[in-house]
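With the hints as your guide, set chain B onto chain A.
Number of protein chains: 2
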Amino acid sequence: MRLSNSFIKTLRDAPKDETAKSAGFLIRAGYIYKEMAGVYDYLPLGLKVIENIKGIVRDELNKIGGQEVLMAALQNPELWKKTDRWDDQKVDIWFKTELSAGGELGLAPTHEEPITNMLKTYVKSYKDLPLAVYQFQTKFRNELRAKSGIMRTREFIMKDLYSFHTSEEDLDRYYHEVENAYARIYDRLGLGDITFETFASGGVFSKYSHEYQTFIPVGEDTVYYNKDKSVVLNEEVLQDDVLEDLGVKRDELEETRAAEVGNIFKLKFKYSEPLGLKISDENNEIKTVYMGCYGIGISRVMGVIAEKFCDDKGLVWPENIAPFKFYLAPIGENGSKIAEEIYLGNEDKILFDDRALRPGEKFADAELMGIPFRVVISDKTLAENSVEITNRKTGESELVSIEEFKKSI
Amino acid sequence: MRLSNSFIKTLRDAPKDETAKSAGFLIRAGYIYKEMAGVYDYLPLGLKVIENIKGIVRDELNKIGGQEVLMAALQNPELWKKTDRWDDQKVDIWFKTELSAGGELGLAPTHEEPITNMLKTYVKSYKDLPLAVYQFQTKFRNELRAKSGIMRTREFIMKDLYSFHTSEEDLDRYYHEVENAYARIYDRLGLGDITFETFASGGVFSKYSHEYQTFIPVGEDTVYYNKDKSVVLNEEVLQDDVLEDLGVKRDELEETRAAEVGNIFKLKFKYSEPLGLKISDENNEIKTVYMGCYGIGISRVMGVIAEKFCDDKGLVWPENIAPFKFYLAPIGENGSKIAEEIYLGNEDKILFDDRALRPGEKFADAELMGIPFRVVISDKTLAENSVEITNRKTGESELVSIEEFKKSI
Numbered sequence: 205m206r207l208s209n210s211f212i213k214t215l216r217d218a219p220k221d222e223t224a225k226s227a228g229f230l231i232r233a234g235y236i237y238k239e240m241a242g243v244y245d246y247l248p249l250g251l252k253v254i255e256n257i258k259g260i261v262r263d264e265l266n267k268i269g270g271q272e273v274l275m276a277a278l279q280n281p282e283l284w285k286k287t288d289r290w291d292d293q294k295v296d297i298w299f300k301t302e303l304s305a306g307g308e309l310g311l312a313p314t315h316e317e318p319i320t321n322m323l324k325t326y327v328k329s330y331k332d333l334p335l336a337v338y339q340f341q342t343k344f345r346n347e348l349r350a351k352s353g354i355m356r357t358r359e360f361i362m363k364d365l366y367s368f369h370t371s372e373e374d375l376d377r378y379y380h381e382v383e384n385a386y387a388r389i390y391d392r393l394g395l396g397d398i399t400f401e402t403f404a405s406g407g408v409f410s411k412y413s414h415e416y417q418t419f420i421p422v423g424e425d426t427v428y429y430n431k432d433k434s435v436v437l438n439e440e441v442l443q444d445d446v447l448e449d450l451g452v453k454r455d456e457l458e459e460t461r462a463a464e465v466g467n468i469f470k471l472k473f474k475y476s477e478p479l480g481l482k483i484s485d486e487n488n489e490i491k492t493v494y495m496g497c498y499g500i501g502i503s504r505v506m507g508v509i510a511e512k513f514c515d516d517k518g519l520v521w522p523e524n525i526a527p528f529k530f531y532l533a534p535i536g537e538n539g540s541k542i543a544e545e546i547y548l549g550n551e552d553k554i555l556f557d558d559r560a561l562r563p564g565e566k567f568a569d570a571e572l573m574g575i576p577f578r579v580v581i582s583d584k585t586l587a588e589n590s591v592e593i594t595n596r597k598t599g600e601s602e603l604v605s606i607e608e609f610k611k612s613i
Numbered sequence: 205m206r207l208s209n210s211f212i213k214t215l216r217d218a219p220k221d222e223t224a225k226s227a228g229f230l231i232r233a234g235y236i237y238k239e240m241a242g243v244y245d246y247l248p249l250g251l252k253v254i255e256n257i258k259g260i261v262r263d264e265l266n267k268i269g270g271q272e273v274l275m276a277a278l279q280n281p282e283l284w285k286k287t288d289r290w291d292d293q294k295v296d297i298w299f300k301t302e303l304s305a306g307g308e309l310g311l312a313p314t315h316e317e318p319i320t321n322m323l324k325t326y327v328k329s330y331k332d333l334p335l336a337v338y339q340f341q342t343k344f345r346n347e348l349r350a351k352s353g354i355m356r357t358r359e360f361i362m363k364d365l366y367s368f369h370t371s372e373e374d375l376d377r378y379y380h381e382v383e384n385a386y387a388r389i390y391d392r393l394g395l396g397d398i399t400f401e402t403f404a405s406g407g408v409f410s411k412y413s414h415e416y417q418t419f420i421p422v423g424e425d426t427v428y429y430n431k432d433k434s435v436v437l438n439e440e441v442l443q444d445d446v447l448e449d450l451g452v453k454r455d456e457l458e459e460t461r462a463a464e465v466g467n468i469f470k471l472k473f474k475y476s477e478p479l480g481l482k483i484s485d486e487n488n489e490i491k492t493v494y495m496g497c498y499g500i501g502i503s504r505v506m507g508v509i510a511e512k513f514c515d516d517k518g519l520v521w522p523e524n525i526a527p528f529k530f531y532l533a534p535i536g537e538n539g540s541k542i543a544e545e546i547y548l549g550n551e552d553k554i555l556f557d558d559r560a561l562r563p564g565e566k567f568a569d570a571e572l573m574g575i576p577f578r579v580v581i582s583d584k585t586l587a588e589n590s591v592e593i594t595n596r597k598t599g600e601s602e603l604v605s606i607e608e609f610k611k612s613i
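Line by line, the protein sequences are chains A and B. First residue of the first sequence? That's 205 in our numbering, and the numbers climb one at a time after it. First residue of the second sequence? That's 205 in our numbering, and the numbers climb one at a time after it.
Don't take every hint at face value.
Because identical chains share one entry, a pair is satisfied inside a single copy or across any pair of copies.
[Claimed, not checked] SDA-like, lysine to any residue: derived pairs with alpha carbons at most 25 Å apart:
hint, residue 1, residue 2
1, Lys-294, Gly-306
2, Lys-474, Val-435
3, Lys-252, Glu-272
4, Lys-541, Ile-297
5, Lys-300, Pro-313
6, Lys-433, Pro-313
7, Lys-213, Glu-486
8, Lys-331, Lys-482
9, Lys-213, Tyr-326
10, Lys-597, Ala-568
11, Lys-328, Asn-209
12, Lys-331, Ser-210
13, Lys-472, Glu-272
Calculated from the structure, these hints are not laboratory results. Note that the structure is predicted; figures quoted are calculated from it, not measured.
This is chain A alone, in the form it adopts within the complex:
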C-alpha cells in the first residue's frame, strides 16, 4: 500500500473523551475512526488488523471442526421470548426496532437462540452430532456507558462458536478442545503469557464459566490470581465456597486489573430445552441436545493487543497481527528509485511511504503506526548497497544488503 495514495493521514490529536492510550493511538495512526461513543469505523489499516486476527481464530476453529456461517443481525422476538431473554428487564442491552410491515425486531447481542433454532432443521438424530458452528459477525449491545476505545463498544465484531452434543461427556470433551484452541489463539495473538483462563460465575446451569482475562491495567475487570496454583478468578466469584473449591486461600491471592478477551460456557440445556432442539438417540428415544458456547471479541482483542504493545511513541504490532510487515521509507531521489523497485510485487507486505515528507515525519509515522520493521533506503545506506532495518519493538537498527532484504520479504 502506497501512503501517497491512501486517504489516511496521521493525526496530531485524538478525541478528548478517549481515555485509553491505545484508542488514542489507533485513531491518531488512522486505524479507526470514532463515529460516536462506542461506535467506530475500521479504516484500511484497521481492517487489515481485524482480518489478521480473524484469520488466526478461523484457522484454529477449523482445526477443531468448526463450520463457518453468517447469521442475520435482525432478530425475531418470538425465539427470544421462549428463552425469556426478550424482556428488557431480563436483558438490558437490546437495541430494538420496528418493522414497517408491523411488529418488533431486535438487533442480535449474541446468537444462541437463532443458531439453536436454525439447527432444528438439520439436526434430528444422534448421528448428526457432535457439531460446532461459528461466525464472525457484528453484534449490537445497548451499553449504558461505552469506553476504552474499541474495548467496550455498542457495535463490535465477535467470533461466536456454538457446539452441540449428545451427552455431557461429549460436551466436556469438546469444551476441553476449545480450551486448547483458545490457548493456541491467544499465543498466536501475542497475548499468551498475560491471558489466563479465569473462573467466573456460571449462571443457572453450571457453577462456573470460564473467561479469558488479559492482565492489563486498563482492563475493566478485577481478578485475583495465584501463579503457583495456576488459579485465576473474577472478583464476582471471590467467595469462601469458591475458594474452597479451587483450593486457595484469600490471602494467597493477588489482585490485578484485566480485560475479558473471551469466554466459554457449558450451556447444557439452557437454550436447547426451551427452543426444542432434540434428537432421537440410539434407542430411538427423544433427547435434548447439550450445548456449549464460546466467544472471542475480535475488535476488543484488537484494542487489547494495541494497548498491551504500545509505547510512548505509538503502536507496536506483533508481526502476525500487523497490517504490513515493513514500513518502507526512502530518503532522497536514489532511495526512492530503489524503493520503487523493491515495492513492486510486494504491495501486500510493504507499507510504502512514498510521500514527499521529511525523514523525521516519516519516522514518526512509522512509529505511531507500529509497523514491525522500518526500512530506510538513503544515499548513506546505498553507499553500502544496503537498507537500514529498524525493529519497532526493540528500536535496534541494522544494515542489511538489498538482496538479502528482498529475499526476506
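Same frame as chain A, now just chain B:
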C-alpha cells in the same frame, strides 16, 4: 469439506412463501436459511459463494484504486438531518432504535453521510484527491415487502464505493473507470451477457443515473431496450424527452423484466455540500468536493446468479462462484478408499460426499447443490483406473484417468 461432518442436509421442501425458484433451491440445498421474511442466514456453502463474489468485486475495485474500509451500521441522526435524509417522510426505509443512554440511532441503509463526514478529518487539500473508498457491509432497509428470496431483503450485504474529486471532469473520468470495472465484474460473475448499463432517473443533481440490470424473468423492474442502438432504460424514465436524448423511438424498444444488480451515480455536491466536505484548491480557494457513489448488492447478486443458472434439478454455479469445484461421490468400498486419498490435501476444492448414501441420493444432492463437476469413483471406473466426471451444466460425462484428474485439481 466432508459432507459427513457438515451439519447441512438437503431438504425436500422450501418454505411455502418463497416464490423465486432460486430461493427454493438455495434453501433446499443448504446455502441459506430463512429467519423471517427478508432476513436470511448464510450457511457454510452460501458463505463461500458470498466470499467468492466479494473476492471478484474486491479484486476489480482494488485495480481502480479503491481503499477498503468497514463503516459502522449504527448511525448518528445529526449527519442525516444535515442532508435531509433522517425524516421518515423523506426516506421511508429506516430502521430506527434508541440508545439506553438517551437519543435516537439509525441502522445504515447506505453510507454516503458517514463516509463524507469521516473524510473531513483526512481530506483538506486538492492534493488529497482523487480518492475512492469502499466496503462490504451489512445494510438494513425496512422494506414494506420483502420477496424473491435473497434478491430483496431487509438485511443484506452490499458493496458500496464512494469517490471524491476536485472537478466534474475528474468525477466523469472515474465514473467511466467504474463503468469498465463493473463490466469486468459482471463478466467474471457470469452475468456479463445479460447485464446492461441502464438509464434510470438521476434525482436532483443529474438527469440520469445508471443502473446495472440483469435480464431475468423474476426481476422486479421493467426495462426497455434496443439492442442495435445499445440502449436500455428503466420504465421510470420512459418519457419523450428521454427517448429523444437517447436517440430511440418508443416503437423501437422491447420490454423485459430485469433485476437491478448495481447502480452508479454522480452525486456531485449532493452530500459534500450539506456535510461540508471542502478542500483548498491550487489557488488556496475553498471548493466543495465532487462525489460519486457506486453500489453492488452482493447477496442480491448471489440470488440473481442462482436464478439465472438453475435448471429443474437445482443450482448450476459458474465455476468461479461455486463453493467447490468438484463434488466427489465415491460408490462402494474401493471407490471410497481412493476418494479418501484424492480428498486429502484438496479439502478446499472438493465437496466430499463421504456419506453412506445410495448413489442416486448422492447424485441428486450434487445436482441440487450445483457443484460444477461431479466426480464418481466406483468399481466400474476403477476397472479403467479412472473417475467419471460429469459437467453439471451440460450433463456430459467422461472417463478421466485418476492421475489426470488429480493433476487437474
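Hint check:
no.	hint	result
1	Lys-294 x Gly-306	both (24 Å within a copy, 20 Å between copies)
2	Lys-474 x Val-435	neither (27 Å within a copy, 60 Å between copies)
3	Lys-252 x Glu-272	both (20 Å within a copy, 9 Å between copies)
4	Lys-541 x Ile-297	neither (55 Å within a copy, 52 Å between copies)
5	Lys-300 x Pro-313	both (11 Å within a copy, 16 Å between copies)
6	Lys-433 x Pro-313	neither (35 Å within a copy, 53 Å between copies)
7	Lys-213 x Glu-486	between (63 Å within a copy, 20 Å between copies)
8	Lys-331 x Lys-482	within (12 Å within a copy, 63 Å between copies)
9	Lys-213 x Tyr-326	between (49 Å within a copy, 6 Å between copies)
10	Lys-597 x Ala-568	within (14 Å within a copy, 57 Å between copies)
11	Lys-328 x Asn-209	between (54 Å within a copy, 14 Å between copies)
12	Lys-331 x Ser-210	between (52 Å within a copy, 12 Å between copies)
13	Lys-472 x Glu-272	within (22 Å within a copy, 41 Å between copies)
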